[in-house]
Amino acid sequence: MSALSFAFTHFIRNLLTPPGDICLTCGGKSRLVRNWPGICQRCADGIPWIDKARCLYCGRAFGCPDCLRMEVRDRAFILNRSAVQYSDVMREWLAQYKYRGHERYAQLLIRMMSHTLVQMEREISALHSGAGQPASKMRWKPDMITFVPVSTTRLMERGFNQAQVLAEGLGKIHHIPIVPLLIRSEHTGKQSFKTRQERIQSMQHAFVIDPEGLQFINSIRLDWSTRSKRSLTGTPQSMGALRILLIDDIYTTGSTVNTCSGVMQNAVQHYYGLKTEIFSLTWARS
Amino acid sequence: MRIAVYAIWNGEAWTIKRSLDMRVDVLWWTQTADLLGSPGRVVFLAEAMAFSLAVKLEQGFGEQPGMKSWDLGKWNRMICELLGDEGSDNGKRGAAFGGHAGISGRRAGETRSGFTFGCDSSQRQWIWDIHETAPEAVHLLLAEQTGAGRMDAAIHTANTAEELSRQAALLSELLQGRSLLAAEVDALLQESAPMLAGAWYSAAQLASLQGRLALHAGVAADARPRWGRGPLRLGRARHPRCRRCGSESVSRTACAACGRADCAYCEACLALGRSRACSLLLRSAAGGPPAVRGAAGQSTAAVRGRWGLSAAQGDAACAALGFLAEPPRRGSAAKSGRAWWPLMPRRAGRAQPGAAGAPSGQGAPSAVSYAPEETAPTGFLLWAVTGAGKTEMIFPLLSSILEQGGRVLVATPRRDVVLELAPRLAKAFGDTRIVTLYGGSTERWQAGELTLATTHQLMRFYQAFDLVIIDELDAFPYHNDPMLAFAAQNACKPDGKFVYLSATPPRPLQKEAARGTLIHAKVPVRFHGHPLPVPKRITLKSIEQCLRQPLLLKSLTEALRQSLERDAQVFLFVSRIRHIDPLVTVLRRIFSAYCVEGTSSEDPLRAVKVTSFRQREIRLLVTTTILERGVTVPRSDVFIADADSGLFDEASLVQMAGRAGRSSEDPAGRVVFASPQWTISQKRAVKQIMSMNRIARKNGYLKDS
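Residue numbers (numbering that gives the first Met the number 0), protein chains in the order written: chain A, 0 to 285; chain B, 0 to 704.
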């Protein structure tokens with residue numbers, strides 16, 4: 000009899016308990032937060048955001064010896080910002096997404112990066128408005144988003160390019176066109192198994208320009224020259240400079256971002272005589 | 000991945016086939032041309048179709064009149080109808096360059112020519128009557144540049160054909176009893192046949208034509224016709240299922256490997272590599288004659304003497320041996336009203352090893368077939384109390400199967416048990432090859448007669464074992480996890496046997512055992528022959544309240560002091576991790592003379608603390624249910640605070656109580672349940688312990704103390 004009543008009360012209690020879902024990242028059952036898809040409050044509180052970049056150049060949350068080296072002076076990109084520090088928990092998230100292929104993480108990472116992109120827009124706009132123009136005219140926004148490609152072999156193996164998925168998600172939220180400007184020309188092996196020097200060297204010839212993407216740049220160029228809208232909003236220096244936002248999952252030494260930026264900058268300059276300003280946004284900064 | 004698809008007239012019926020290497024199929028069918036009907040027709044439909052679409056086509060295909068005289072246009076129309084939206088879906092995604100999204104389609108697809116199946120005939124398709132000379136397209140195909148996992152050489156020369164059949168034989172031997180994704184096959188070959196690694200598609204295709212290997216999709220919809228679906232379930236969405244772990248896969252994403260925008264993947268078994276709708280799952284039943292069953296003749300005394308078992312252990316082991324000697328029963332365990340465990344999976348068809356080398360008109364067995372009357376493994380429950388010496392009891396069972404050349408699997412939930420058990424088994428079975436599998440094991444791809452694995456590793460096997468022993472049936476990964484039940488069921492041969500070990504079987508199993516519908520044997524006494532300590536109850540307010548008013552702890556601390564003074568090691572179990580630290584602080588104040596520590600799953604120093612608790616450096620250990628199993632500390636007493644908590648069910652209460660009095664020097668440990676109220680779980684736990692003691696007394700297993 001008591002067993003029966005227990006079963007009954009259990010059933011009633013089940014009906015009455017507030018609904019909970021399984022948290023994507025910790026697997027526990029609880030109420031999920033609203034602003035970050037799929038995770039619980041506890042996991043959301045544990046995200047190591049980089050709210051204010053300490054190194055204005057590479058977006059690191061703490062002082063950055065790398066950016067003091069001599070060779071970084073000729074970096075091809077303007078700056079990098081990242082959403083989070085690459086802590087052990089974040090490493091696990093990225094591993095789940097990228098290597099295990101748990102693609103439900105994509106939406107979460109996109110939303111996190113979108114949050115950082117808004118911050119980035121505000122920060123860069125503020126920098127520009129320091130020059131004296133009214134802030135409303137100086138609203139910084141990239142003209143296009145591109146992403147770091149992976150090799151065909153890797154793409155077939157993994158089924159998706161994480162940087163591309165992130166870029167597409169961001170483009171959709173912020174209404175910015177996504178243009179694939181790069182092709183990975185050779186299989187350089189996994190970056191995560193290499194030292195800093197090896198990474199920089201193996202990068203040299205890894206990327207080439209994607210001709211189809213260039214056509215899109217051409218169409219933007221024509222668009223500008225007919226409407227010359229740009230001259231109304233841009234400063235004299237940045238007039239005609241194409242703002243490209245480069246997306247990747249993680250910024251470690253910056254060699255990937257730098258090589259990609261160099262290739263894009265040269266190609267756009269070479270084919271169309273346009274100047275480019277390349278900004279980089281990654282999900283994590285190690 | 001993408002795969003070639005063709006239709007063939009086998010003399011009686013049309014079938015759709017998929018191929019990893021079309022050249023192998025062309026050769027195969029030309030060699031067996033006389034078995035096909037006189038106008039033997041091969042219709043090459045697609046060079047590279049998304050694997051999931053190919054599977055769908057194969058499942059949905061039905062013969063229509065007049066197919067023999069169809070031209071390609073008609074075939075294409077039929078495919079478009081069968082695949083519906085999905086077939087043409089790929090075409091739509093290529094557009095929209097420069098839009099907000101939409102580049103992905105172009106990117107994903109362009110890597111291989113002919114990427115969509117679109118309903119146009121611009122692709123290379125052909126119809127060929129096998130008895131006539133081949134059209135030029137076939138010659139082109141045979142001379143094609145290879146790559147992408149296929150064999151390099153021109154395949155139709157005599158030497159390579161021979162080489163290929165050697166490779167196919169090797170491959171199917173290596174994969175016997177396995178259920179592996181393509182990436183895992185690569186890893187396996189890397190280790191055991193390096194020359195095949197990265198180029199085994201041709202060999203796999205030949206083996207599948209020979210019927211030695213089944214090539215499934217990792218995730219696929221159920222092909223079983225859905226009769227018997229009641230009106231209430233009509234509206235339920237039909238999600239595809241993972242063929243490896245049996246879970247439903249709800250997630251769909253764009254996939255570059257097959258070019259589909261909604262390629263399903265399985266989230267449940269990601270840890271073993273991603274299984275998805277377009278990934279290849281290779282399966283091969285182990286085959287071989289079943290281990291002869293003739294071990295029943297041994298007398299109890301002989302078994303006891305050989306393995307050094309106690310009377311109770313010996314009786315149970317003999318009962319289990321008798322069960323192993325029974326012939327396999329027809330009908331599944333599910334039909335005995337035990338549908339929940341082991342969850343009977345919906346079986347996909349299996350490759351018939353017997354069909355090898357005899358290319359009948361059917362060629363390979365059709366991918367999915369259901370035999371409603373097939374034999375299924377039956378189970379035996381060995382219900383042995385905590386500290387009864389379960390491991391010793393499985394030795395005679397293992398040896399009875401191993402001696403007859405059978406293969407055995409011992410699955411335990413925890414990795415440390417695997418590591419601890421391996422040397423003991425190696426000692427007992429010196430001349431047997433023992434493979435230990437766990438996450439990160441180096442023996443992952445080896446084959447042996449005796450396999451010792453953590454439960455998740457079961458998913459890599461398919462009908463491989465004559466005997467599967469599942470340790471701690473009620474423990475964490477198994478309990479309520481249909482995925483592991485599915486995997487266990489798949490790992491066992493259809494005429495194989497299951498033996499479940501448990502000290503605290505789940506309630507439904509207990510009831511079945513009582514009713515007599517489940518074959519079981521009880522070991523009601525510990526190896527040292529003393530009765531189990533029966534829990535005593537003390538009334539104590541909840542720990543939450545006690546922490547606010549430490550005076551309330553008095554009744555507990557009095558009992559703890561008695562135990563500490565009789566020089567026992569004390570376990571104090573609490574229900575919540577957050578109670579541990581404050582409780583440790585309070586207890587340290589009260590028992591300043593003794594070392595008090597706390598540990599939980601979040602404690603990085605857990606292993607160290609447990610060791611020093613064993614060495615009697617720590618005298619009182621406050622902990623949660625993580626230490627309820629597998630920890631043996633001589634001369635210990637057990638206290639359970641908040642024993643009425645919903646987190647402590649009957650099984651975990653019995654397990655925790657089982658930590659006390661395990662050594663023969665101090666068989667009468669104390670067990671105390673401290674709680675404000677007396678719950679049904681506590682009552683049942685006490686009842687279970689007392690009934691075990693009663694049975695032991697009745698059977699005369701107890702030593703007179």
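Any given hint could turn out to be false.
Below, a list of computed lysine-lysine pairs in the DSSO-like style, where the Cα atoms sit at most 30 Å apart [unchecked claim]: (1) A:LYS97 - A:LYS51; (2) A:LYS28 - A:LYS140; (3) B:LYS697 - A:LYS28; (4) A:LYS28 - B:LYS702; (5) B:LYS702 - B:LYS686; (6) B:LYS702 - B:LYS608.
Computed far set for chain A versus chain B, every beta-carbon distance over 12 Å [what the hints assert, rightly or not]: (7) ARG68; (8) LEU126; (9) ARG242.
Source of the hints: derived by calculation from the structure; they are not laboratory data. In this text, a Cβ means the ideal position worked out from N, Cα and C, and glycines have one as well.
Hints, one by one, checked against the model:
For a cut-off of 30 Å, the pair hint linking A:LYS97 to A:LYS51 stands: about 27 Å separates their Cα positions. For the given pair, A:LYS28 sits about 39 Å from A:LYS140 by alpha-carbon distance, which is inconsistent with the 30 Å threshold. Restraint check for B:LYS697 and A:LYS28: the C-alpha separation of about 46 Å exceeds 30 Å, so the hint is violated. Of the pairs offered as hints, the one joining A:LYS28 and B:LYS702 is violated, with about 48 Å between alpha carbons and a cut-off of 30 Å exceeded.
A threshold of 30 Å between alpha carbons decides the hint, and for B:LYS702 with B:LYS686 the separation of about 21 Å falls inside it, so the pair holds. Note on B:LYS702 and B:LYS608: the hinted pairing is violated, with a Cα-Cα distance of about 35 Å set against a maximum of 30 Å. With a least beta-carbon separation of about 35 Å from chain B, A:ARG68 lies farther than 12 Å from that chain, consistent with its non-interface assignment. With a cut of 12 Å on Cβ distances, A:LEU126 stays outside the contact zone with chain B, its closest approach being about 27 Å.
Remark: the non-interface label on A:ARG242 is consistent with the geometry, its nearest Cβ contact in chain B lying 16 Å away (cut-off 12 Å).
Against the hints set out earlier in the document, violations occur for numbers 2, 3, 4 and 6.
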